[in-house]
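S.K.: Going down the list, the sequences are from chains B and F. Sequential numbering of the first sequence, starting at 1, is according to my numbering. Sequential numbering of the second sequence, starting at 1, is according to my numbering.
Derived by calculation from the structure, the hints in this document are not laboratory data. Certain hints may be false.
As the list claims (entries may be wrong) - Sample of chain F residues at the chain B side, in silico, Cβ under 7 Å: (1) N59; (2) R89; (3) G93; (4) Q104; (5) S153; (6) H156; (7) L158; (8) T192; (9) R315.
Claimed, not checked - Calculated from the model, a selection of chain B residues having no Cβ within reach of chain F, i.e. all distances over 12 Å: (10) I19; (11) L119; (12) T136; (13) V163; (14) T168; (15) N251; (16) F273; (17) K276.
Each residue gets a CB set at the ideal place from its N, CA and C atoms; glycine is no exception.
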Amino acid sequence: MTVIARRLAGHLARGIVMILVVATISFFIVNNIPGDPVAARYEKLLEGGMSPEAALQATKVMYGFLPSGSMWDQYLAYMGGLFRFDLGISITRPGQPVTDVLAEAAKWTVLPVLIGTLLSFLVGVIFGVYAAIKRTSKLGDTLAISGSLLHGIPQYILAMLLVVIFSTLIPLLPPDSPVDILFEPGWNSGYLGSLAQHAVLPVATYALSAYGGWILAMKSSVVTVLGDDFILAAELRGMKRSIVFRYIARNAILPLFTILALSLGLLLGGAVFIEKIFNYPGLGLLLIDSINLRDYPLMGGAFLLITASVIVANIVADLFYTVIDPRVRGGEEAS
Amino acid sequence: MAKQAPGVRIDGLTVVYKTPAGELPAVRDVSLELKPGTITGIVGESGSGKSTMALSLLNAVQPPGRIQHGSVEIDGLGDVAKFRGEELRKARGRHIGYVFQAAQNSLNPLKTVGKQLLDLGRSHGVEDLRALVREAKDLLGRMGLDGARVLDSHQHELSGGMRQRVGIMLALVLNAHLVVLDEPTTALDMITQSNILKIVREVHAERGLTTLVITHDIGVVAEVADRLAVMYGGRLVEQGPTREVLADPQHPYTRGLIRAIPRLVGDINEAQALPGRPPTLATVPKEGCVFRERCPLRMDVCDTVDPAAQAYGERIVACHAVDSAVKVPSREGEHA
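The following block holds chain B by itself, in its conformation from the complex:
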């Protein structure tokens, strides 16, 4: 337990430093992108014949703040805010704190992607084991080919394919928007049911497009483990099939947890196509919009959120390994 605590402390310290570095970099990059909507607004008001004071006032009212002082002062203010989880105010959504905008969008991203990823992981891993064990039979071949095929189809094509099949040809499921507006948001069955119904296609798209990668990765991992001496040893000691199967699965799944952690870390930013096609107001769309509209605080906030989630996912993965792999547990602290 102390090993885990020591590791956790080390990781947290490194993670915080990394987040600060990324925050710094994204602050300076974002602030040096050409085009400034606040200045543009101010100029426009001036052109409209307003006095400079009135224009300044109007801009201030509209955006709730004005970038003032040197870049360094702004940087300090930004970093200071960061420690209070204050990422500033969105420019394109006047008056709304960036954290609120991000939280609202995250709601529409995290759940579908999380469910989709975990579902595809589960199914892909199980099928991957079968594809490996039955690799000389038709079933194994079919599974492996299904994996390659789905892995090869781009996500947006898969999404449109599903929409065409299940919304147009067979009108079973709604093709867009996360929920019917008829229902009152809240914990009532109508609203939740509508949410679930609308989520089927996006989740299926995530799951199907990720499934191919899992089945192929698991298959090759299982094939490697099958060649290991200890599997033959277990068989020669007369171990039950079910126990040998567990030995294989547990050893083969280890490397996949790294990939799972990384893909979960990226889930916050990686769903642009699906959100666009299914009209989900999630983080991917938000990021694209903020870049298009030069909403610096929002952009910076979104970058930071994605960075932080990747770093956190890595920490979680490492700690998880400490628990599941005894060889990592005994090893000295990575430095």
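Use these hints to put chain F onto chain B, whose structure you have.
M.R.: Just chain F, lined up with the frame of chain B:
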């Protein structure tokens, strides 16, 4: 069931591997008897088929290989070459113990030795798992290890010599009385080697086992085995009591093998390497003697007729030159 040292009769065993060039024999028409309570050593170079032979005792030849002919009769069990499925699984571990080469990782790296011991017990329906753990600790203690500590360890926390002792423990803990050791001391240092061999000898005597040791090291056999069998190109070319065979080898291959060992005393040049190289699966001659390419006693008949194993007292040799009468043996007669 076989709770005393069983005898084993391997008869006419042929094991083939499927290759692009068809099914090629790795072990061909081998007959060998393991007498109850003895240690038999099989010596051979890499690729001579000795490991395939060892796996055949558990009917565990791995695909693309398979037992094509022959039987492996074990007292109290029957012909394991005919065993399938659950019957075979239950024989392994409980009746036949198999010890892997020390360098091979024969343990699940994610589980402690103790947990794997419990898995083994559950696999074989052992009801009193506490007694099993006690037995394992006894065995480990007997081999000079701290049983409790070892059972609580993972593979990566054990040295090669310790792993090998754990392997021996797992092979014996279910009270198997036939034990197959495949290269038990390869990749161990000299001190550990001699320790392991001492343990093998002592445990063999104490528990009353029938033991088969597979090795490429004739020194190992000299140290532990009562009987010695020499394999070459998938054939058993000579077998007999260890002392006799070492003192007076009959087959030219056995002679070459013994002459190739460097001595601690005397001129290093006395050791003479056997010229040529052993055949591989693909280059084993289809007819005639497998050793003729490297044989100093080669005769015409060696090119066409595979020498049959002939008994000379306790010694069995397959060589035309030894069988000085050079009578052409009938293949049918050999199986009868």
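S.K.: Hints broken by the structure, by number, lowest first?
M.R.: 1, 5, 7, 8, 9, 12, 15
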